[in-house]
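Two chains, two frames, some hints: make the complex.
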Amino acid sequence: MTKTQPSDDATLVKRAKQGDQNAIANLYERHLPAVYNRVRYVIPEQDVEDITQEVFIAVLKSVHSFRGDALFTTWLRTLTNRRIAEYYRKRSRKQEKLQVSLESAENLISNSNRSSASIEEKIALRHGLSQLQDRYREVILLRFAEGLKFEQIAEAMELNPEAAKSLFRRAITALRKNLD
Amino acid sequence: MNKKEMKKNNSLDEQLAVFTDQVLADNAPETQSNNPELQELQNTVIRMKSAFHENTLSDTTAKRMQIDFMVKVKSQQTIPQTSALNRLRTFWGRQEKWQSQRRRQRLGIAISMAALVLLLLVVVPLLDTTGSNQTAASGQTLKPIVLIVFGGLVLLILWTFRPKS
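Order-wise, the sequence lines are chains A and B. Residues are numbered in the working numbering as their position in the first sequence, beginning at 1, plus a constant of 4. Residues are numbered in the working numbering as their position in the second sequence, beginning at 1, plus a constant of 8.
Where hints are given, some of them may not hold.
No more than 30 Å apart at the CA atoms, straight line, and that leaves these computed lysine-lysine pairs for BS3-like [stated by the list, open to error]:
id, chain 1, residue 1, chain 2, residue 2
1, B, K82, A, K153
2, B, K16, B, K71
3, A, K181, B, K82
4, B, K12, A, K181
5, A, K181, A, K153
6, A, K65, A, K21
7, A, K153, A, K18
8, A, K153, B, K80
9, B, K82, A, K65
10, B, K16, A, K65
11, B, K57, B, K71
12, A, K94, B, K82
13, B, K80, A, K21
14, A, K65, A, K94
15, B, K71, B, K82
16, A, K18, A, K65
17, A, K181, A, K94
18, A, K94, B, K57
19, B, K15, B, K57
20, B, K80, A, K18
Hint data in this document are derived by calculation from the structure and do not stem from the laboratory.
Pulled out of the complex, with its shape left as it was, chain B reads as follows (with noise of 0.2 Å):
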């Protein structure tokens, strides 16, 4: 770009802006320019000052527009820390069931496990196969028997108390 062209051109820039900035504040020159070039582009402001002039933002949608707003930032503000909440208490809600859940099957298992540790204390000596030959042959016979109730009631307790989902 030559010396010449840059001149015109900041020429063009500058009462282009001029133009636009009376455009705008609507003191508009009656007359445009006789630059073809340039007066193309005055058309071209004063068809974006033409086209857009209407439906500026008006006080009553400003205030509406701020109202939702507002009635969306309240919303934003509280359902996150509700719903943030919620599953909190949800969570340790599901963690206290299903931890009393589990306390009580431990403690099932070892009140039942503690009873039959107890009966077997008892029941051991009276199976004593030392003594009369009576008492070791009926001794003999009832120690399946009696192991196999002990698993029965070991199995029964397991199953009384298995995790319910």
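So that you can see chain A by itself, here it is in the shape it has in the complex (with noise of 0.2 Å):
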């Protein structure tokens, strides 16, 4: 979800509403590793892949609706975030902590590579990352998910690059004392 090449995305997304397939595939093919890395920030591994489809799927099912007022990437952000709200609401916090514990034991038996303690580290991080303020969220995800730059971000959220380095460093406070 960078913000280069716009216009091209604006072409793609064009074609896209006249059905035209391969526009929709150049699109996915473009945006699927930020989506992707998203999702897999707050989402248990297992459902990484189906979610990310899901997102592509409300693309491809709102499209039409899209009008062009914001960049694609950034409705796509806000399409990614909705379904990722949605996965969440449709979840008991009970029933969360179950998956969670049923994740982590399926990761450990299926993936003898890797420690039970990384596996540990990445629930409460994505634990962490899910009790944080939207914006806070947000500012995370684009620095880690996306590899944006500050300046990146700044523009991404409106803000001067000062202030989304402030907001950053907020959000990393914010995390650490949600990691205690």
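Put into structure tokens, the structure is as follows:
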């Protein structure tokens, strides 16, 4: 979901609206890594692919309503966040904890290369991220999951670069507190 | 927040941003800050980087996911059209069937009624009471029977061409 080549996105979206499957494939190929990464930072591993696909299915279903007032990447982030929120809404906290335990157990069995400590760490970080307020989580995901520079984050979040860095520092502080 | 605190925070913001850039570019400095507050934040950045640096999207996974997605795209684009078309066909099929049934019923009733009217036109003069007394008497007896027969015929025709579900 980088902000490069917005005009190409616009062209592809226009063609996708007309049912051009090549344009849909191009949009998918171009934005898959960013969506996948964003999802894998907040969703348990076994559901990452499904949720990512559901995001793109949602894109396909609602692309006709995308008017191009915002960048496609911005719209895509909104759809991704919405789908992630929906994922968590469907699960009660109790079920979520059970799911997390199952996930860690399955991962321990299936992947002997990874230590249980690293899995526990990932679960703790995901939980910490999920507890953050939206803007804090967003700035962390933009930097870590999407790899945007602070200038790009500032542009995406309509801030000046100093404010983006300040927001990032406060977000990391909040995350650290959630991890305690 | 006073000026001194703001300056300190600005400095922290900048240092953490630089540190994060370095960590994510795999150029993590060997030593961390002496400032305990910044050090804690740097540790959190390192934890994030370490936890999620693996399991990134591989080319194979991306390719497989794209193929799966395009299959879904094709089915999404074809199934609704097919089902809509089928629904339309079924609808019109039902309409045509229903209309042809109705047309046949109406035609049958119309022909039967026309036949009855013709029959009445032929029979009624025979029932004319004017003429001989014998004819008049027999006409008087026949009239209700003929009317009952006509009524029965009408009912039979209506029953025969009744709408069938």
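Next on the checklist: Given the hinted pair B:K15 and B:K57, is their Cα-Cα distance within 30 Å?
Outcome noted: Distance of about 28 Å is within 30 Å: holds.
Checklist entry - Are the Cα positions of A:K153 and B:K80 separated by 30 Å at most? => result 34 Å, violated
Checklist entry - Taking 30 Å as the top limit, are the C-alpha atoms of A:K65 and A:K94 close enough? => result 21 Å, holds
Next on the checklist: Between the alpha carbons of B:K80 and A:K18, is the straight-line distance 30 Å or under?
Outcome noted: Judged against 30 Å, a Cα distance of about 20 Å means the pair holds.
Checklist entry - Between B:K16 and A:K65, does the CA-CA distance stay at or below 30 Å? => result Distance ~48 Å between B:K16 and A:K65 Cα, so the pair is violated.
Checklist entry - Between B:K82 and A:K65, is the straight-line Cα distance small enough, at 30 Å or below? => result Given that 30 Å is the threshold and the Cα spacing comes to 13 Å, the pair holds.
Next on the checklist: Against the 30 Å threshold, does the CA-CA distance of A:K181 and A:K94 hold or violate the hint?
Outcome noted: 26 Å, holds
Checklist entry - Taking 30 Å as the top limit, are the C-alpha atoms of B:K12 and A:K181 close enough? => result 24 Å, holds
Next on the checklist: Between the alpha carbons of A:K181 and A:K153, is the straight-line distance 30 Å or under?
Outcome noted: 24 Å, holds
Checklist entry - If you draw a straight line from the CA of A:K94 to the CA of B:K82, is it 30 Å or shorter? => result 28 Å, holds
Item to check | Pair hint B:K82 and A:K153, alpha-carbon separation not exceeding 30 Å | outcome: Violated, at about 37 Å.
Next on the checklist: For a C-alpha distance cap of 30 Å, please report whether B:K16 and B:K71 respect it.
Outcome noted: 48 Å, violated
Checked against the numbered hints listed earlier, the structure breaks hints 1, 2, 3, 8 and 10; every other hint is satisfied.
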